[in-house]
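*Asks:* So the chains spell out like this:
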Amino acid sequence: MKPFNVKRVRLSRRTVLRGIGAGIALPLLDAMLDDRGFVFGESRAHAAPLAPPVRLLTFFFPCGWGNIDPIGNFDAVVAGPLAPFQSDIVVLKNLDKRAQYIDDTSGRGDAHIVGHSTFATGYGSVRGGAGGPSVDQAAAQALGGTTRYRSLPIGIGHPTEPGFAHVSWQGAASPVPAEHDPLKFFQRLFGALTPGARPLDDRKNILDFARADVARLQQRIGRADRARLDQHLTAIAELQQALTATQVNCQVPAAPAADLAPLSNERAQAMMRLLVLALQCDLTRYGSVFLCGRADSRQFPWLAFVGAGGAENEIGHHGYSHDPSVAGEARMRAIVLDQSKQFAFLLKLLKEAPEGAGTLLDNSVVFFTSEHTRSFGHTPDEMPAVVAGRAGGKLVTGRTLDTAGATYARTFVSMLNYAGVPTSSFGPHAPGPLAGL
Amino acid sequence: MRQWETVILLSALCAAGVFACTGVVGGAADEKPTAPTADEPKAPLAPAAVPSPSDQLRRLTNREYARTVADVFGETPEAAAALIPNSFLDGYDNNVLTLSVSGPVIEAYATAATIVARATLASGARRARAIGCDDIGPGRVACLSSVVDTLGRRAFRRPVTAEEREGLLALANAAASEDAPGASLQVLLEGILQSPSFLYRVEVGEPISDRPGLARLTGFEVATRLSYLFLGTTPDDALLDRAARGELGGDAGIEAEAQRMLADPRAKEVLATFHSQWLGLQKIESLERSLDAFPSWSGSLKTAMVEETRRFVDDFIWKDGTPFLDLLTARYTYVNAELAALYGVPAPAGEPFVRVDFSPSDPRGGILTHASILNATAPSRTLMGILRGKFVRDTFTCESLSPPAGVALDPTVERLKTPACAGCHEYLDPIASGFDRFDMVGVYRTTDETGVPLAGTGRIVGFEEPDFTGPLELAAKLRSSPKVSACVVEQFLRFATGRAHDSADRSVIASLDSTFRGSQFNFRHLLVELVKSDFYRTLRIGTEAGR
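These protein sequence lines map, in sequence, to chains A and B. First residue of the first sequence? That's 1 in the working numbering, and the numbers climb one at a time after it. First residue of the second sequence? That's 1 in the working numbering, and the numbers climb one at a time after it.
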């Protein structure tokens with residue numbers, strides 16, 4: 001871990017407790033804590049160390065781990081791109097989400113809708129998507145009220161078939177869409193600090209009006225739609241929160257380049273840089289990274305097999321994933337390694353960010369896997385996954401856990417517990433925490 | 001196959017896993033399934049966890065938002081670009097289930113509102129059209145008040161209430177300052193643009209005393225439904241005036257309005273959106289092909305095939321005396337040079353697109369042999385052998401079968417020879433094999449890549465005479481099937497109502513289908529009869545207990 005080399009600034013206790021600094025050029029928590037992890041201004045006799053919050057993220061890539069040897073491909077990821085993080089991760093083997101896959105009332109029976117719906121939830125699939133919230137959103141709903149953004153899902157280019165466009169869900173059939181555009185994302189995070197920003201009071205007043213207007217409308221309509229407007233009110237409240245907590249506690253970075261190609265790794269990395277900065281500055285504590293959906297014909301030109309169709313004559317990630325030949329498997333292994341390198345990039349950013357007595361990664365819990373194990377078969381058993389980060393020191397990392405067929409979504413109960421949500425279950429398919437995690 | 005009428009449900013072992021093969025076949029989203037055959041084991045299918053929504057609150061789609069903004073405030077494409085893209089469900093991107101809201105959706109609306117308000121006030125011409133008065137100086141109060149009343153009425157599609165006027169004016173006044181004299185109007189416009197009365201098509205209706213759970217749409221609500229259905233945008237002042245005068249309360253007024261709208265060029269755009277989504281043509285945009293395997297493939301070919309289908313289907317909506325279902329069997333199409341080469345017909349000279357009539361011996365004709373359909377249903381070679389059958393069921397008979405969830409699909413398994421798989425696949429794959437003389441790109445051939453002859457014979461199980469050779473014979477069977485006209489009605493209803501139909505809608509579909517047949521499948525007549533129907537002018541508001 002890097003030693004601290006930033007100059008500390010004293011903040012008033014009131015400022016610290018509000019979680020708001022005043023344009024100070026360093027991450028929030030470092031500004032709030034002294035060298036021993038105590039809050040500035042607290043009487044040492046009475047103060048308990050202020051633990052940094054546990055951040056919770058998910059990282060998704062579509063189309064499974066391969067066809068001939070998916071577990072071998074996963075092992076190659078652990079031994080390859082994830083090697084620098086061996087001591088920071090728990091490798092999970094043999095998770096099972098068969099029951100969750102079969103719990104499908106979407107009316108579509110599409111293994112990829114099911115895959116996206118079950119990736120981070122304890123629910124099956126319903127018409128319109130997942131049957132309940134995803135783990136990042138459950139954490140955000142329980143604990144996310146104090147930061148500027150309750151959560152920040154990100155992606156790299158809207159999938160062209162929008163049915164597979166989401167892995168963050170606030171509730172049944174109710175996605176939280178990812179931000180896919182680095183410049184827009186930058187503007188959302190830091191735009192309020194740029195010159196020419198309009199008076200804050202005006203924006204607050206407009207939201208107050210909108211909120212009152214939604215509440216008025218709610219009195220006039222039926223119950224189903226009232227629930228819909230509840231989501232609208234929650235969303236306005238989030239936006240109001242974003243406005244009132246608008247002072248950013250860290251340096252505004254340079255804007256990302258405007259020409260980052262959709263679906264490129266460069267775009268993914270620009271988005272992840274901004275996300276990690278948002279975590280460092282405590283603009284949010286929860287999020288997801290979504291490396292696109294299945295039907296995007298994503299071609300990976302940098303992987304040197306550009307233009308070559310698989311045995312199926314379909315070009316792109318989904319087509320490649322349905323090619324069970326030896327050549328197809330080599331291609332899938334290359335894709336899986338490439339996608340995992342992006343996950344490794346996220347871990348690297350988290351690990352390079354000092355926080356408290358450790359790093360941001362130490363104070364995070366990050367879930368990583370693909371939709372299913374075997375690509376063409378869309379198999380939901382023998383699922384491998386990685387949980388990264390020490391959850392503030394509570395999670396013991398640097399180990400492999402063979403779960404022997406434990407229910408996949410139990411992982412999320414454990415993650416919620418580590419993040420500070422004291423729940424004993426998470427939807428019908430996560431009746432308890434994952435033993436041993 | 002009596003049970004075809006409701007739901008196919010098979011539980012079986014296929015390849016590596018245990019699964020249930022389910023699908024709604026001519027049934028409604030809220031109906032319980034029954035097993036099709038006695039010898040197949042039954043498995044429970046849980047009802048959908050998300051209830052069928054009421055009709056009251058449809059959020060504008062991004063397309064509707066863009067057009068509405070253009071009409072009320074002026075064309076602002078950069079605002080629509082800030083919105084979160086819509087998703088498809090049941091074939092269409094306006095399904096109310098997909099139009100839920102979340103933090104990012106509302107944040108995007110706030111951003112878009114700022115953009116629209118700034119653009120409206122920045123340009124003199126736009127400002128004059130949308131605002132039309134001076135908000136600085138002695139006329140300020142009167143100006144703000146008139147903006148609330150006139151622009152607010154356009155934006156909310158009904159007169160602004162006293163309470164709303166008060167709220168909007170208070171908002172405008174709070175922003176007033178000597179430093180920023182234009183701020184009042186800016187926030188006033190943003191307030192209007194972020195109001196739920198703008199973002200949703202709100203329908204409250206008036207209760208009908210002897211029909212609990214139902215309400216009669218108000219005149220303004222009827223105007224709004226008609227305007228979005230036919231023109232894809234908000235009602236204009238003249239239509240709102242007619243609604244205010246009560247001219248949309250009866251059959252004659254509604255019919256006159258519908259005819260007026262059908263004569264508007266914008267109706268052609270909206271109905272093209274319908275038929276493009278009905279046929280699933282949005283799938284073409286993301287298709288990529290290996291140029292080694294398919295040298296005729298290109299990006300411009302994708303554009304051309306979509307244009308061909310659009311021009312062709314338009315004929316069966318807009319040309320007088322053209323039965324809609326003839327789109328299945330008509331022996332002509334429209335081609336540019338690239339499509340002409342693909343189809344092996346003479347290339348047009350001059351005009352980018354010309355009509356070509358197929359000779360009697362040509363294997364092409366009707367919508368089923370359009371390159372757009374042949375490509376959209378062939379994302380890969382294996383899937384082509386299933387999806388071309390699934391397309392016919394989904395699109396023309398509304399018998400929707402889906403692959404089982406949680407099953408290990410094994411490409412080496414012979415689907416039709418494995419009893420468990422055949423239960424579903426016998427309804428799909430034999431239809432697809434009738435298309436096998438058309439490759440993934442839509443080129444006609446008589447042998448496959450390895451030289452094996454292709455017969456082009458197919459079978460559509462459930463039809464009285466199920467065997468056919470090639471898409472032309474299949475099209476003739478579909479053209480005379482009663483299922484197909486009912487399915488077209490159902491598909492249009494999905495688009496028009498923004499939801500899947502349920503059992504309560506069954507009689508409506510039957511009645512409209514009978515009208516459709518009676519008119520020799522006159523599509524515009526179907527639309528007019530739909531909007532005149534009691535169904536279309538009535539609102540489901542749930543029971544009293546639910547309110």
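Just so you know, these hints were derived from the structure itself, not from any lab. Heads up, a few of these hints could be off.
Cut-off 35 Å, straight-line C-alpha distance, at most; resulting in silico cross-link-like pairs (DSBU-like, lysine-lysine) [unchecked claim]:
no., chain 1, residue 1, chain 2, residue 2
1, A, Lys341, B, Lys532
2, B, Lys532, B, Lys283
3, A, Lys184, A, Lys204
4, B, Lys319, B, Lys268
5, B, Lys283, B, Lys483
6, B, Lys532, A, Lys184
7, A, Lys341, A, Lys204
8, A, Lys394, A, Lys204
9, B, Lys302, B, Lys532
10, B, Lys283, A, Lys184
11, B, Lys302, B, Lys268
12, B, Lys283, A, Lys341
*Asks:* Against this structure, judge whether each hint is valid.
*Replies:* These are the hints, each one checked on the structure:
1. Under the criterion of a C-alpha separation no larger than 35 Å, the hint pairing A:Lys341 with B:Lys532 is inconsistent with the structure, at around 59 Å.
2. At most 35 Å may separate the alpha-carbon atoms for a hinted pair to count; B:Lys532 and B:Lys283 meet this at roughly 34 Å.
3. With a C-alpha separation of about 21 Å, the suggested pair A:Lys184 and A:Lys204 falls inside the 35 Å cut-off, and the hint holds.
4. For the hint linking B:Lys319 to B:Lys268, the alpha-carbon distance of about 12 Å falls within 35 Å, and the restraint holds.
5. With a C-alpha separation of about 25 Å, the suggested pair B:Lys283 and B:Lys483 falls inside the 35 Å cut-off, and the hint holds.
6. Taking the CA atoms of B:Lys532 and A:Lys184, the gap is about 45 Å. The hint is violated against a cut of 35 Å.
7. For a cut-off of 35 Å, the pair hint linking A:Lys341 to A:Lys204 is broken: about 42 Å separates their Cα positions.
8. For the hint pairing A:Lys394 with A:Lys204, the CA-to-CA distance comes to about 39 Å; that exceeds 35 Å, so the pair is violated.
9. Between the alpha carbons of B:Lys302 and B:Lys532 the distance comes to roughly 38 Å, so the proposed pair goes past 35 Å and is violated.
10. For a cut-off of 35 Å, the pair hint linking B:Lys283 to A:Lys184 stands: about 27 Å separates their Cα positions.
11. A threshold of 35 Å between alpha carbons decides the hint, and for B:Lys302 with B:Lys268 the separation of about 21 Å falls inside it, so the pair holds.
12. As the CA atoms of B:Lys283 and A:Lys341 are separated by approximately 30 Å, the hinted pair is consistent with the 35 Å bound.
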